[in-house]
Every structure is written in structure tokens, then in C-alpha cells.
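Engineer: Given these sequences and hints, build the entire structure.
Those sequence lines, one after another, are chains A and B. For the first sequence, numbering that gives the first Met the number 0 assigns the number 0 to the initial residue and increments by one for each residue that follows. For the second sequence, numbering that gives the first Met the number 0 assigns the number 0 to the initial residue and increments by one for each residue that follows.
Keep in mind the hints are simulated off the structure, nothing from the lab. Glycine included, every Cβ here is placed at the ideal spot set by N, Cα and C. Possibly wrong hints are sitting among the right ones.
As the list claims (entries may be wrong) - Here are some chain B residues pointing at chain A (derived, C-beta under 8 Å):
hint : residue
1    : M31
2    : V38
3    : I40
4    : I45
5    : T50
6    : L53
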Amino acid sequence: MRLTKAIFQMEMRNILAYRFSFWINFFGTTIGQLGLSYFLWSSVYSASNSQRIGGMTFQMMILYSFLAPMTLKCIHGMQNLNINQDIFDGGLNKYIIYPLSYFQFKWVQHLTHTFSHAFQLFMGLAFFAIMIGMPSEYQFGAINIICFLINLAIASSLFAVMESIMEMMAFWADNVWSLSVLLRFVINLLSGAWLSLTLFPDWAQQAFYYLPFKGMVYPPVKILMGDMSLLEWAQSQLMMMVWFVLISFLARKMWQAGNLRYTGVGI
Amino acid sequence: MSRYLKLYLHFLRFSFSRALQFRLDFSFRIIMDMIFYLVNIAFFKIIYLHTPMLAGFSEEQMMIFVASYLFLDSLIMTFLANNIWLLPTYINKGDLDYYLVRPVSSLFFLSLRDIAANSVINMIAAFSILIWSLNSYSGSINLTQYFLYGLFLLNGLGLYYLVRMMFVIPVFWMHTSRGLDELFWGIEQCMQRPVDMFKGSFKRILSTVIPLGVIVSNPVKMLFSNEPGPLMIQMGLVTVVFGFVFNFFWKWALENYSSASS
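Structural biologist: What follows is the structure, encoded as C-alpha cells:
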């Protein structure tokens with residue numbers, strides 16, 4: 000626990016070392032995202048002449064489109080775990096003498112970034128409330144925030160384990176960043192980060208239920224908006240946890256197989 | 000001029016031989032870009048399930064817009080992205096020295112040296128999507144419109160380079176590109192949407208101060224417009240002004256460059 004705290008503090012110092020970047024990133028993302036979602040959906044709602052699209056009013060859709068990419072950013076955490084870099088330049092060596100597990104170190108680092116992005120998200124939500132105003136259907140509750148944070152922790156861990164698989168391919172290939180980017184493209188679309196999942200055709204929505212991505216963005220945003228039942232939310236978390244166990248098992252096997260190929264020098 | 004052409008042919012040869020050494024990476028990148036194309040097309044296909052028009056574009060027209068963006072993106076990924084991506088590292092590590100002392104334009108060398116040979120296949124794929132979308136269009140487009148579209152899409156590539164570099168140049172003073180990169184990727188999404196979707200000062204900013212909005216939108220609008228004059232003037236003017244501004248900032252940045260310690 001003490002080690003976890005130390006890693007968390009060290010990573011927070013790293014993040015806050017570039018305060019200008021932190022704030023420019025916050026304002027750029029918030030204003031950019033707000034503008035994009037507002038103008039996109041105002042065009043769609045005015046052209047379609049509908050009050051509700053995908054079960055959401057215009058105001059709720061804007062709020063969803065604003066929160067979803069920010070939630071995705073939380074889940075992406077530190078973006079890259081840099082496992083491929085450690086494999087490539089022999090950086091894994093130093094973890095042999097460290098009194099902690101390599102994956103624990105990476106996981107805490109990743110969650111620290113998730114935490115810092117979540118802080119930005121709540122500031123963004125306050126900005127949204129001031130600039131646009133909350134929709135009348137929006138239901139704020141402490142339980143929703145707790146569920147949202149639990150969801151973030153699970154989804155972020157699931158993303159980390161998926162990302163680790165992509166990066167561990169570096170045991171076999173020299174340059175694997177494109178696999179990480181590929182994973183992000185798939186998550187962008189299938190998690191509901193770009194579009195609410197209710198906008199997809201029915202057959203796609205049914206298929207999403209069994210995929211690991213569904214619980215990552217759509218449920219946390221909907222629960223934060225007070226627009227999802229606790230039961231439905233819990234089901235999505237359960238499905239994510241099942242996937243987490245399965246993918247972790249696969250990651251472990253890859254790690255064991257990959258370690259046999261690791262030479263310990265800069266390749 | 001012929002010296003630069005010869006130099007560029009060498010860049011091409013080196014880049015291809017380097018890319019072919021890593022065959023697995025070569026295929027990873029192709030798969031990645033294919034997924035990127037699919038995701039972008041799916042995004043608009045899903046939106047059009049709920050509306051007949053978006054920003055004045057029908058679904059057919061929007062597919063041409065998306066395909067144009069994808070083709071432009073493939074050009075950026077092939078010819079510019081790797082070079083721009085590495086520039087902040089050169090600045091911070093002092094590696095820029097090696098480029099500044101060479102007897103050719105440092106900007107030419109830094110911007111065009113590394114060609115992502117593995118993206119060439121994706122460029123062909125993106126071009127095929129563009130041809131498919133143009134073939135699927137039920138309206139008529141004449142040869143002049145095609146010519147202007149192609150010409151101004153290339154102009155868009157140049158304008159993108161200028162805007163992207165304006166987000167890199169502050170690294171000379173800030174010593175990190177982290178925040179600016181993320182800010183750019185956030186704003187860059189506006190290029191993936193038709194500029195007419197935006198209204199008021201947001202649209203004005205995207206058409207002038209940060210002209211990402213016109214890069215794809217204006218050439219595509221030229222395909223459907225009988226009066227492309229204002230679109231051409233706007234895009235040409237923005238490019239010229241941005242060219243001057245960029246040139247000024249680049250020279251200023253180099254004056255402030257203090258080698259390895261910067």
C-alpha cells in the first residue's frame with residue numbers, strides 16, 4: 000500500500016510538473032469538445048425535426064457527447080504503458096531489482112492519470128453547467144458519482160490490460176505502436192465514446208452486449224447523467240469484469256511466453 | 000530545384016528500404032489505417048440513420064467529404080506525420096543542430112526526410128474509397144470542378160502542414176509538446192466535420208485563425224458549387240497569410256534556439 004501511494008505521488012508530481020500543458024489541455028479539450036458536440040447535434044436535430052434521437056433530447060445528447068470523450072480520456076489514462084519501450088531498450092531489467100511487481104507499477108501509474116483526467120472531467124462538468132446549463136432531465140446524485148468512479152476504475156484497468164497485450168507484441172515485433180492506436184479506434188466507436196450506443200442499429204446494440212467495450216464509456220456517462228438504472232449498470236460492470244479476467248489470463252500467458260524471448264539488452 | 004528533387008528521391012529510397020526491413024510492422028500499420036477508415040465511415044453512416052441531411056450535405060455528399068478527409072489524412076501520414084512528430088525531440092535534444100548546418104533548407108530536410116512507406120498502401124486504399132464515393136454520387140460533376148477539387152485538396156495539405164507546425168513551434172520556448180499536441184488533436188477533429196456545421200464565431204475562427212475547417216470542406220464544396228470563386232479566394236488567402244506568419248515564427252524560433260540546452 001505504501002508503495003502504491005509512493006508511485007501515485009510520484010506520477011502526480013510528473014503530471015503537475017507541466018502545469019501549463021495540463022491547463023491548456025483542459026481548456027482546449029473542454030471548449031473544443033463542447034463546440035463539436037453542440038454544433039454536430041444541433042445540425043442533426045434541426046435536420047431531422049425530432050425531439051428525441053436515440054432516446055435522448057437535444058440537451059441530454061449534448062451532455063452525453065460532451066462527457067463521453069472526456070470519460071474515454073480518463074480510461075485511456077497515460078495512453079501508453081510503455082511496455083514495448085521497456086522491452087525494446089532493455090528497460091525491463093531494472094524491475095528485476097525493484098521491490099515491486101512490474102505490472103503493479105504500470106497499473107498505479109495508469110490509474111493516477113485516470114484520476115487526473117477525472118478531475119478535469121468534473122471541472123468540465125461544472126463549466127458545462129455554467130455555460131450551457133444542465134438539462135431538466137439530468138439527475139445529480141452522490142450514488143451516481145460513486146458508481147461513475149467505480150466504473151472508471153474497472154474500465155481503466157480493463158483498458159490497461161488490453162493495451163498491455165498490444166504492447167507485449169514487442170517481444171515478437173519491433174514496432175507495435177500501430178496496434179495500440181488500432182485498439183483505440185475500435186474502442187472509440189464500440190464503447191459509445193463517439194456516438195451513444197442507442198444510435199446504432201438494433202442488431203449492433205445486441206452484439207455490443209457481449210463485447211468488452213460496451214461497459215467502458217456508455218454506462219459511466221449514462222449513470223453520471225442519472226439516465227441508467229443501477230441494475231443495468233451493474234450488469235455492464237459484471238460483463239466487464241468477466242472480460243477483465245479473461246484478458247488478464249491471456250496477458251499473463253503472453254508475458255510468460257515473451258519473457259523467454261527477452262534478451263535484456265537494447266534490441 | 001533539381002538538387003532538392005534528387006535529395007527527395009534519396010529520402011524515398013531510404014524510407015522504403017527501411018520500411019521493408021520490418022515486414023510485421025508494415026502490416027500492423029496497414030490494418031490500423033483500414034480500421035481508421037472503417038470507423039470514420041461508420042460514424043457518418045450511423046448519423047445518417049437519424050437524419051437525411053447534415054450541414055447541407057446529403058449522405059452521398061458526406062461520403063465524398065469523409066473519403067476526401069481520409070485521402071488527405073493518408074497523404075499527411077505518408078509524407079508529413081513522422082517528421083512533424085519527431086521535431087520536438089530534435090529541438091529538445093539539440094539534434095536540430097545537424098539539420099541547421101546542412102547545405103540545404105533545414106525546413107525541407109526536417110519536414111520531408113522521413114516518408115512512411117508503409118502508409119503508401121493506405122494511400123491507395125483511401126484513394127479507392129474516394130473513387131468509390133465519387134462514383135456513387137448521383138449528381139453531376141464536371142471536369143473543372145474535379146480539377147479545382149484536386150488542386151485545392153493539395154492546397155489543404157499545405158495548409159494543414161502550416162497549422163500543425165504552428166502548434167509545434169512553441170516547443171522552442173516551452174520545451175514540451177505534450178499539452179499542445181493534445182490540444183491540436185482535440186481541435187483537429189473540427190477538420191473531420193463540414194465547416195458549415197459550425198456557426199457564428201466558432202465557424203469564423205475555424206475558417207481564419209485556426210483554418211482547419213476549410214482544409215477539406217472548401218475543396219469538397221467546390222465539387223458541388225457552380226460558383227467556386229469565393230471558396231478559392233478564401234482558401235488561397237488563408238494559405239498565403241498563414242505561410243507568412245509561419246515563416247516569421249519559424250525564423251524567430253530558430254533565433255531563440257540554443258542547441259542541446261533548449
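Engineer: Next step is simple, just say for each hint if it's right about the structure.
Structural biologist: Going through the hints against the structure:
The restraint placing M31 (chain B) at the interface with chain A holds, with a minimum CB-CB distance near 4 Å, inside the 8 Å limit. For V38 (chain B), the interface hint holds, the least distance from its beta-carbon to any beta-carbon of chain A being 5 Å, beneath 8 Å. At its closest, the beta carbon of I40 (chain B) sits 11 Å from a beta carbon of chain A; the interface hint therefore is violated under the 8 Å criterion. Checking I45 (chain B) against chain A by beta carbon gives a least distance of about 6 Å; that is within 8 Å, so the hint holds.
The beta carbon of T50 (chain B) is positioned within 8 Å of a beta carbon in chain A (closest approach about 4 Å), and the interface hint is therefore held. The beta carbon of L53 (chain B) is positioned within 8 Å of a beta carbon in chain A (closest approach about 5 Å), and the interface hint is therefore held.
The structure fails to meet hint 3 from the earlier list, while all remaining hints are met.
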